[in-house]
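Engineer: Now for the letters of each chain:
There are 4 protein chains.
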Amino acid sequence: MATTPADSGAGSATPGHKPPGYLHQKDAHLKRLRRIEGQVRGLQRLVESDTYCIDVLTQVSAATRALESFALGLLDEHLAHCVSEAVANGDQDAQEKVKEASAAIARLVRS
Amino acid sequence: MATTPADSGAGSATPGHKPPGYLHQKDAHLKRLRRIEGQVRGLQRLVESDTYCIDVLTQVSAATRALESFALGLLDEHLAHCVSEAVANGDQDAQEKVKEASAAIARLVRS
Amino acid sequence: MATTPADSGAGSATPGHKPPGYLHQKDAHLKRLRRIEGQVRGLQRLVESDTYCIDVLTQVSAATRALESFALGLLDEHLAHCVSEAVANGDQDAQEKVKEASAAIARLVRS
Amino acid sequence: MATTPADSGAGSATPGHKPPGYLHQKDAHLKRLRRIEGQVRGLQRLVESDTYCIDVLTQVSAATRALESFALGLLDEHLAHCVSEAVANGDQDAQEKVKEASAAIARLVRS
Chain V
1 MATTPADSGA GSATPGHKPP GYLHQKDAHL KRLRRIEGQV RGLQRLVESD
51 TYCIDVLTQV SAATRALESF ALGLLDEHLA HCVSEAVANG DQDAQEKVKE
101 ASAAIARLVR S
Chain Y
1 MATTPADSGA GSATPGHKPP GYLHQKDAHL KRLRRIEGQV RGLQRLVESD
51 TYCIDVLTQV SAATRALESF ALGLLDEHLA HCVSEAVANG DQDAQEKVKE
101 ASAAIARLVR S
Chain L
1 MATTPADSGA GSATPGHKPP GYLHQKDAHL KRLRRIEGQV RGLQRLVESD
51 TYCIDVLTQV SAATRALESF ALGLLDEHLA HCVSEAVANG DQDAQEKVKE
101 ASAAIARLVR S
Chain G
1 MATTPADSGA GSATPGHKPP GYLHQKDAHL KRLRRIEGQV RGLQRLVESD
51 TYCIDVLTQV SAATRALESF ALGLLDEHLA HCVSEAVANG DQDAQEKVKE
101 ASAAIARLVR S
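Residue numbers (the UniProt record's numbering), protein chains in the order written: chain V, 1 to 111; chain Y, 1 to 111; chain L, 1 to 111; chain G, 1 to 111.
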């Protein structure tokens, strides 16, 4: 990430086309996902080296929780956005977004 | 809320002080909870009559899912309400409600 | 519970037909389920008195967690029993019980 | 598995040091984990291309479920192994493994 100056370059090519806050969040999301990818690769190394099953399961739970946290962060952002949109564009649009968000929450709770 | 003094009139003294839609929902919620209460009492009967453990577990999963569905229904209503409130009262208030709702979602996902 | 001597009477009619440890567990299970039943009745009171949605959700999460803990306790006992049975009755029988238990665990994890 | 001599060829540095059945499972586990790694990389592409939040969440739920299925498969194997061990080595050892497995199940159910 320190080694990807292109990232900020990409953002700055079209100044103002995205709020800086959003760009920052996007980088944070990608960082989190790269860490989760690392956890899943770590699981492969554990299986390859015949690590004791229970220890593998502990690491699976950690990866699952990391994915859930990522989802909860994304959802929080999305709901905040829905509300701002409701203020700007009116109730009707936003109520449909809420329906959609509720379905996504149900999938998360049940997965 | 600040604009609905009838609310503080509270209770049966002011019949019809709540929209029928809301009342209907409340009855539906109570009905669901009574059914879940029945499921939990059913679990007690299973344990009392020494029902096979795996069959008890199947019924526990059913009760857990019923509680989750109840929570998801409540949450959906709440989010819809947040959005309406955002339109009526402005973004700031509603954003705080979103924070609160996100915390509740996290508790649900992790429980 | 202090007022149900019949409980121990029921056990003592056929002395030795169940290990005391089991009877003790059964009482503990019923106690837990009665507490969960109380939690679900508490939820009904919250809904009846128009408690703020987020506070209701917090109590739903608590009841869900209590049900899960009950299930996990039951499962732990069951697995211990499977293993003892494997020693007494041979591998084949017990492997079938393991299949059954795994299916129950999957239902719990996914509910 | 008895019919896949190639499998033992894979482990050929120390031929026969692991039962072919186990090797087969290990390959299946690694395959699943590689697919999950692909899902997590897919999530990064979705975030990078500013995919709509709800669609990202759907894919997160899919990855979470895949991790859970992997864990459930591992656990099922482990429990079957515990039971075989109980028959071979006695109840005491196996009961400790059950305690350990129950703790792992609790982490899964609560994650």
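In case anyone wonders, no lab produced these hints; they're calculated from the structure. Computed from a prediction, not measured in an experiment: that's the story for all the values here. Mixed in with the good hints there might be a few duds.
Identical chains share a label here; the pair holds if one copy fits it or two copies do between them.
[To be verified] Calculated pairs, SDA-like style, for lysine to any residue (alpha carbon to alpha carbon, straight line, at most 20 Å):
(1) 26 with 47
(2) 31 with 51
(3) 99 with 49
(4) 99 with 48
(5) 26 with 89
(6) 99 with 80
(7) 99 with 29
Engineer: Okay, which hints does this one fail, numbers in order?
Structural biologist: Numbers 3, 4 and 5, in rising order.
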